[in-house]
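J.: These are the residues of each chain, in order.
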Amino acid sequence: MNWARAKMLSVFLAATLLSLALAAQAPAAPAARRGGTLRIANIGDPPTLDMSATTVGVTSIIGNAIYETLFAFDASWRPQPHLAESHTVSGDGKTYTIRLRRAVPFHNGKEMIADDVVASLNRWGKVGSRGVTAFRSVDSVSAADKYTVVIQLKEPFAPLLAFLALPSSAATIMPKEVAEAAPAGPAKDFIGTGPYKFSEWAPNRLIRLTRFIGYAPRSEAPSGYTGKRDALADELVFYPVGSVATRIAGVQSGEFDIADAIQHDAYVQLKNDPRVVPEVAPNGTWLVFFFNKQSGLMANVKLRQAVMAALDMSPIMQATIGSPDLYVLRPNLYPQGTTWYSEGGKQWYNQKNPERAKQLMTEAGYKGETVRWITTQQFDYMFKSSTVAVDQLQKAGLKMDMQLYEWAGVIERRAKPAEWEIFTTGHGFVPDPALIDVFSPTYPGWWDSPRKKELFAEFNRATDPEARQRTWHRLHELVFTEGGWVKAGEFFGVQLRSRELTGYKMAGLTSIFWNVPAVK
Amino acid sequence: MLSYLTGRLLALIPVLLVVAVVLFLLVRSTPGDPARVLAGEDATPEQIKMLRRDMGLEGPLPAQFIRWLGRAVRGDLGRSLFNRIPVSRIIGQHVGPTLMLSAMAVTVSLSIGLPLGIVSAVFRNSWMDQAGLALAMLGAAVPTFWLGLSLIVVFAVNLGWLPSSGFRSPTEDLRRSLTYLVLPALTLGVPSSALIIRFVRSSLLDVIATDYVRTARAKGLGQRLVIFRHALRNALVPILTVIGLTVAALMGGAVVTETVFAIPGMGQLVVQSVLRRDYPVIQGVTLVVATSYVLINLGVDLLYFVVDPRVKY
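So the protein sequences, as listed, match chains S and A. Position 194 of the first sequence, counted from 1, bears residue number 194 in the numbering used here, the numbering being contiguous throughout. Basically the numbering used here = 1-based index in the second sequence + 520.
Because the hints were derived from the structure by calculation, they are not lab data. Careful, some of the hints might be misleading.
Said to hold, decoys possible - Derived EDC-like pairs: lysine to aspartate or glutamate, alpha-carbon spacing no greater than 16 Å straight-line:
(1) S/LYS416 x A/ASP553
(2) S/LYS188 x A/ASP553
(3) S/LYS452 x S/GLU500
(4) S/LYS126 x A/ASP828
(5) S/LYS126 x A/ASP553
(6) S/LYS416 x A/GLU566
None of these values were measured; they are calculated from a predicted model.
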């Protein structure tokens, strides 16, 4: 050993020993801070806290801390057991046997058992729109023993676990007597198994949830919506604040920790504000124009294709969202690198070809009839995008009539096939394509062509993941060729948090307030 | 006097009946369905039907109206279609913030409007009069939402002196509760003080021009005595009318101000319920507001009697 090498070795040894000694002395990672209150400013009061009976976003934001489901999505959007311990699927894909975790208490102190799960799921099959869809394939739900539930299907339904895991119109588990007391509408008592329990609702003023002392957490590390849920803050208080400027000012002045639904044009300014951090949603919302495929002008597929040919998405998204950080133009429903990424039908997207549109209109036998486009000013993005799109179509030669209603009016009108041709909406991210509204034959637009029916049934029946993926590509293409809807682009929601609230990240489906230490 | 009072109170009945019928028809014939709002985006037609039955919205409209009226006359205004809380309790929860806000806003507008109006009238055509009138014009022209948001930005966000929005109950902490109302009270009070400046000025000018004021001056009474004891008192009747109307309008809820400051008052309640088509709440709130409107007007009429002995009922 020469001197230089010996010296190097000794230095290395000394460094190793020093670092070991330092490591031994260093305190263990500090335990997450407990206590305090998380103050969240929402866009308004929810219609109910029962997130099984509605898809309204504000209900999910609050309800997600109160209620839990048998399965939940992990960070890679795979459904993992949550209230369930494990599950098995029979060879024919028609029998799901779900074993439940033991000693999981409800907020009323009662232990969750199979009877509660059976009552909750059966109710969800009637009152939750997702439940109604899933239950078209369900034959029965029964309790095999105190901690085992069996779901018997009429035919294989591959997305079942995704349906059970979704936190919107969610398959929440509540006590049997609470579920049975509300067979047709929202639950009257808000009792779940979640880390927070319902404590107070002063209408239009606040909703208060408090830590559930008896909560039974899972032991796995948190991932997405799965794993250990720890109610670090003592309380969650949700304030309904209708004015977005006031929500922003509230976070800036320290009145709130988090504000939901920040308008896109405020983003750039807020990014440079040292007091706050704008959080951008990890998943985009699809900005879509639905066609009425059941009756009227747009029942003609050629005319739907004409609309697709005419639209130029860039000015639509630019006018609607503004900041290029907050939207993308892409035909794919799921981004590259994910399971459901597909390029099927991409040549139909963003054609900006009014000449081709005119040709398709001639082929469709269009004679200048009025196209009624219904939308609302209540949601800025719907109004702005519709205004630009209607103008483009008008220039391409369609006679457009843009009709404005309150959102409640749009919802009612779009349910009547005789009243409209196109309406605008936003479609939130869903982890499984089976959950996309355009495929639902009962959703306004009523897409129910033989080809779609056949492919969608195949997609839902296939239990082999690769077979599902192959069918998905064809289904993805069909959305374009048959004109199920037009996707204009994808935009990302923004929430605002105070800079001090470092433990909070915007989640993909609905907000997560557990494992978040409060500032004060 | 007593028969006058009884007559006025009895007149409330037809007023409320007309309000109830017109409102019921208006609300029910507006497009929009509470069941759809509640169930959300993807609800199926069967779900909506089931939910409508659950909400008690089935059956012909006249039958529904009579059922509602039958309960209302016994003081039962029904329950919210959404959170199932009795309408009377919801109104009770929202009336408090609105009353507090109205009281503070009226105080603000009177403490600005009265002195400026008097100064404008007494020093007619002077620079003070011009300044008062300019201020009044400005106050009337400024949009409420802009004034509210500007006050939030200056006093809550930048200076940090006052809370930006929300409401705290006075029973929990009176002082804190009042701090939450300062900015909204200014937002409401400043524009309505403009109206009061104009009314005080013109009404006082009319009185100052009368013979008895000239006589008072000729007797050698001082300016202060002439204005405050003789002129102002006689100018009060139209001023009271304006104040009464302002208070009555505030009772219906200052919709914009309550929205900007997230105050859970009557204005917010009305807007929320209308957007959701929460029929029982809309009907209940309107009845209460109509009643208070009539009662406030009656109160103002009685005050005329107090300030002006010539008024006889």
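J.: Take the hints in turn and mark each one as holding or not.
T.: Consistency of the hints with the structure:
no., hint, result
1, S/LYS416 x A/ASP553, "13 Å, holds"
2, S/LYS188 x A/ASP553, "21 Å, violated"
3, S/LYS452 x S/GLU500, "50 Å, violated"
4, S/LYS126 x A/ASP828, "67 Å, violated"
5, S/LYS126 x A/ASP553, "19 Å, violated"
6, S/LYS416 x A/GLU566, "14 Å, holds"
Comparing the model with each earlier hint shows violations of hints 2, 3, 4, 5; every other hint is respected.
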